[in-house]
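S.K.: As you go down the protein sequences, you meet chains V and X in turn. According to the numbering used here, the stretch in the first sequence is residues 4 to 115, in order. According to the numbering used here, the stretch in the second sequence is residues 42 to 153, in order.
Hints were generated in silico from the structure; no laboratory data involved. Please read these numbers as outputs of a predicted model, since none were measured by experiment. Even for Gly, the Cβ is constructed at its ideal location relative to N, Cα and C. Among the hints, a few may not be true.
Unchecked claim - Only part of the chain V face toward chain X is listed, based on derived beta-carbon distances under 10 Å:
#	residue
1	Met22
2	Met44
3	Gly61
4	Tyr67
5	Arg71
6	Glu75
7	Pro78
8	Leu101
9	Tyr102
10	Gln104
11	Tyr105
12	Phe106
13	Leu112
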Amino acid sequence: NAGVTQTPKFQVLKTGQSMTLQCAQDMNHEYMSWYRQDPGMGLRLIHYSVGAGITDQGEVPNGYNVSRSTTEDFPLRLLSAAPSQTSVYFCASSRDRLYEQYFGPGTRLTVT
Amino acid sequence: KNEVEQSPQNLTAQEGEFITINCSYSVGISALHWLQQHPGGGIVSLFMLSSGKKKHGRLIATINIQEKHSSLHITASHPRDSAVYICAVRSVRGTSGSRLTFGEGTQLTVNP
Numbered sequence: 004n005a006g007v008t009q010t011p012k013f014q015v016l017k018t019g020q021s022m023t024l025q026c027a028q029d030m031n032h033e034y035m036s037w038y039r040q041d042p043g044m045g046l047r048l049i050h051y052s053v054g055a056g057i058t059d060q061g062e063v064p065n066g067y068n069v070s071r072s073t074t075e076d077f078p079l080r081l082l083s084a085a086p087s088q089t090s091v092y093f094c095a096s097s098r099d100r101l102y103e104q105y106f107g108p109g110t111r112l113t114v115t
Numbered sequence: 042k043n044e045v046e047q048s049p050q051n052l053t054a055q056e057g058e059f060i061t062i063n064c065s066y067s068v069g070i071s072a073l074h075w076l077q078q079h080p081g082g083g084i085v086s087l088f089m090l091s092s093g094k095k096k097h098g099r100l101i102a103t104i105n106i107q108e109k110h111s112s113l114h115i116t117a118s119h120p121r122d123s124a125v126y127i128c129a130v131r132s133v134r135g136t137s138g139s140r141l142t143f144g145e146g147t148q149l150t151v152n153p
């Protein structure tokens with residue numbers, strides 16, 4: 004099993020550009036989530052999904068969209084990138100929200 | 042005040058020392074997680090617990106639900122234990138029960 008994969012590993016965007024961060028898991032997990040990690044702050048939840056077709060907002064959803072058309076994939080879209088979105092983004096999955104989470108390797112995003 | 046507080050923020054130890062990292066939280070929880078973030082950025086789940094104590098190799102995690110406190114212990118520490126250790130709690134409050142709240146992490150450095 005590949006576990007949780009994320010692409011790209013690194014990305015530089017200009018303000019106003021849009022892009023999609025990809026996340027996929029091959030463990031048939033229902034629960035998937037996106038976090039951002041910033042210096043001096045803990046990981047913060049952006050959006051999560053409890054199954055295909057079901058998504059909900061987390062703590063810091065503004066400026067991001069998600070969809071969950073399949074169990075395997077949970078892409079995160081930045082609609083119009085802003086410097087405040089410079090961060091490291093982690094995708095995670097688990098069998099259910101009550102089970103341990105498996106994290107992807109992260110995407111380091113810089114917005115100039 | 043953050044819902045999850047970790048102490049210390051930074052910890053330097055000599056190889057072989059016994060290490061304790063503390064986590065205090067202010068909300069009712071259904072589970073507490075301990076995570077390890079490697080210097081390369083990857084995050085792995087170490088423990089998920091809702092009561093008592095768990096042990097895996099040289100790592101021991103304990104939780105006291107009444108005192109809203111958990112500790113992570115590392116026995117016979119080794120330089121390869123150098124990492125950031127993160128505490129996260131899953132709240133029992135309404136829809137917040139679907140999300141984890143993370144501490145800022147404890148940076149551990151073990152010198153040979």
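S.K.: Look at each hint and say if it fits the structure.
M.R.: For each hint, the structure was consulted:
1. The restraint placing V:Met22 at the interface with chain X is violated, with a minimum CB-CB distance near 20 Å, outside the 10 Å limit.
2. A cut of 10 Å between beta carbons decides the hint on V:Met44: the least distance to chain X is about 6 Å, and the hint holds.
3. Below 10 Å, beta-carbon pairs count as interface contacts, and V:Gly61 has one with chain X at about 6 Å; its hint therefore holds.
4. Look at V:Tyr67: its Cβ only gets to about 15 Å from chain X, farther than 10 Å, so that hint breaks.
5. Interface restraint check for V:Arg71: the shortest CB-CB distance to chain X comes to about 14 Å, outside 10 Å, so the restraint is violated.
6. A cut of 10 Å between beta carbons decides the hint on V:Glu75: the least distance to chain X is about 20 Å, and the hint is violated.
7. With 10 Å as the threshold, the beta carbon of V:Pro78 stays out of range of chain X, its nearest partner Cβ sitting at about 19 Å, so the hint is violated.
8. Annotation: interface hint on V:Leu101 holds; nearest CB of chain X at approximately 7 Å, less than 10 Å.
9. The closest approach between the C-beta of V:Tyr102 and any C-beta of chain X is roughly 7 Å, which is under the 10 Å cut-off, so the hint is satisfied.
10. For V:Gln104, the interface hint holds, the least distance from its beta-carbon to any beta-carbon of chain X being 6 Å, beneath 10 Å.
11. A cut of 10 Å between beta carbons decides the hint on V:Tyr105: the least distance to chain X is about 7 Å, and the hint holds.
12. With 10 Å as the threshold, the beta carbon of V:Phe106 comes within range of chain X, its nearest partner Cβ sitting at about 4 Å, so the hint holds.
13. Nearest Cβ of chain X to the Cβ of V:Leu112: about 13 Å, over the 10 Å cut. The hint is violated.
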